[in-house]
Amino acid sequence: MRIALEQGGLFTADQAIQSGYDQKNHHYYVKTGQWEKVRRSIYRFQPIESELSEYWLWYLWSEGREKKPLAIFSHETSLVLYGLTDLNPSKIHLSVPKKFRKGSEIPKVLVLHKQDIPISDVKTILGLRVTSVLRTLLDLVEEHTISDEFIEQATKEALEKGHISRTDLKKHEKLARYAI
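Each residue of the sequence shown is one higher than the one before, starting from 3 at the first, in our numbering.
Treat the hints as calculated values from the structure; they're not laboratory data. A portion of the hints provided could be inaccurate.
Distance ranges between label pairs, derived from CB positions [as the list claims (entries may be wrong)]:
| id | residue 1 | residue 2 | range |
| --- | --- | --- | --- |
| 1 | N90 | K116 | 18 to 28 Å |
| 2 | K176 | I121 | 17 to 27 Å |
| 3 | V32 | R179 | 49 to 59 Å |
| 4 | A178 | Q25 | 49 to 59 Å |
| 5 | D16 | I121 | 17 to 27 Å |
| 6 | G66 | D24 | 42 to 52 Å |
| 7 | G35 | E151 | 13 to 23 Å |
| 8 | R41 | K116 | 13 to 23 Å |
| 9 | E107 | K173 | 33 to 43 Å |
Straight-line C-alpha distance at most 27 Å; calculated DSS-like pairs for lysine-lysine [to be verified]:
| id | residue 1 | residue 2 |
| --- | --- | --- |
| 10 | K104 | K70 |
| 11 | K125 | K110 |
| 12 | K116 | K33 |
| 13 | K100 | K125 |
| 14 | K26 | K70 |
| 15 | K176 | K163 |
| 16 | K93 | K39 |
| 17 | K93 | K110 |
| 18 | K125 | K163 |
| 19 | K100 | K158 |
| 20 | K69 | K100 |
| 21 | K33 | K93 |
| 22 | K176 | K110 |
| 23 | K104 | K125 |
| 24 | K172 | K125 |
| 25 | K104 | K39 |
Every residue gets a Cβ at the ideal spot worked out from N, C-alpha and C, and that includes glycine.
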């Protein structure tokens, strides 16, 4: 329960097993309504849910062979998690390692960016791995998938909130023009 509460009410089958729930009984918990099966090997305790539940779902979905999530929230989704934009993206953006593979089809709600991100460009927000604000802004400027208006808004907010500095802008001329 503690793990699920930290993860928007969600947990994986492996986490349940590690917490002492015999795998043979997982079906029983679903059948009796104690758990909801959300996706393959991902469950939710009923009726726990939070505003971050959907993010936790896709974070846990990205689990690799080592049973650890591989995804890092990035691009527009990162701006939302930092609270730097009025943008309301219709899809969740995840950066995953270039070698990332999922046997099933990628859900339509996701946009996967296959890139190896250095640990220095990764932060944690409420347990979720997110690209740093500077990395996020640079990715958005480079890919130009959102309007300049939103990049400008996010850059100014990031400066005001202390996520980036004027020195960062001097180092990255492409981003500096959005802070005018």
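Quick rundown of the hints versus the structure:
1. For N90 and K116, the hinted distance range of 18 to 28 Å is satisfied, since their beta carbons lie about 25 Å from each other.
2. A hinted range of 17 to 27 Å holds for the C-beta pair K176 and I121, which are about 23 Å apart.
3. Taking 49 to 59 Å as the suggested C-beta distance range, the pair V32 and R179 conforms, at roughly 53 Å.
4. For A178 and Q25, the Cβ-Cβ distance of about 54 Å falls inside the hinted range of 49 to 59 Å, so the restraint holds.
5. Between D16 and I121 the beta carbons are some 24 Å apart, a value that agrees with the proposed interval 17 to 27 Å.
6. A hinted range of 42 to 52 Å for the beta carbons of G66 and D24 is inconsistent with their spacing of about 24 Å.
7. Roughly 46 Å separates the CB atoms of G35 and E151, a value that falls outside the hinted 13 to 23 Å.
8. In this structure, R41 and K116 meet the distance hint of 13 to 23 Å, their C-beta atoms being roughly 21 Å apart.
9. Checked against the given bound of 33 to 43 Å, the beta carbons of E107 and K173, roughly 40 Å apart, stay inside it.
10. This hinted pair checks out: K104 and K70 have alpha carbons roughly 14 Å apart, not beyond 27 Å.
11. Distance restraint check for K125 and K110: the Cα-Cα separation of roughly 26 Å lies within the 27 Å cut-off, and the hinted pair is therefore satisfied.
12. Taking the CA atoms of K116 and K33, the gap is about 37 Å. The hint is violated against a cut of 27 Å.
13. Proposed proximity of K100 and K125 is supported: the alpha carbons are some 20 Å apart, at most 27 Å.
14. Among the hinted pairs, K26 with K70 is consistent with the structure: their alpha-carbon atoms are about 22 Å apart, no more than 27 Å.
15. For the hint linking K176 to K163, the alpha-carbon distance of about 20 Å falls within 27 Å, and the restraint holds.
16. At most 27 Å may separate the alpha-carbon atoms for a hinted pair to count; K93 and K39 meet this at roughly 22 Å.
17. Only pairs whose Cα atoms come within 27 Å are accepted, and K93 paired with K110 is accepted, the gap being roughly 8 Å.
18. Distance check on the hinted pair: K125 and K163 sit about 16 Å apart at the alpha-carbon level, within 27 Å; holds.
19. Annotation: proposed proximity of K100 to K158 is violated, straight-line Cα distance about 31 Å (limit 27 Å).
20. Between K69 and K100 the CA atoms are separated by roughly 18 Å; this keeps the pair inside 27 Å, and the hint holds.
21. For the suggested pair K33 and K93, the alpha carbons sit about 31 Å apart, so the restraint of at most 27 Å is broken.
22. A distance of roughly 31 Å separates the Cα atoms of K176 and K110; the hinted pair therefore is violated under the 27 Å criterion.
23. Taking the CA atoms of K104 and K125, the gap is near 24 Å; set against the 27 Å cutoff, the hint holds.
24. Distance check on the hinted pair: K172 and K125 sit about 22 Å apart at the alpha-carbon level, within 27 Å; holds.
25. Between K104 and K39 the alpha-carbon distance is near 19 Å, which keeps this suggested pair within the 27 Å criterion.
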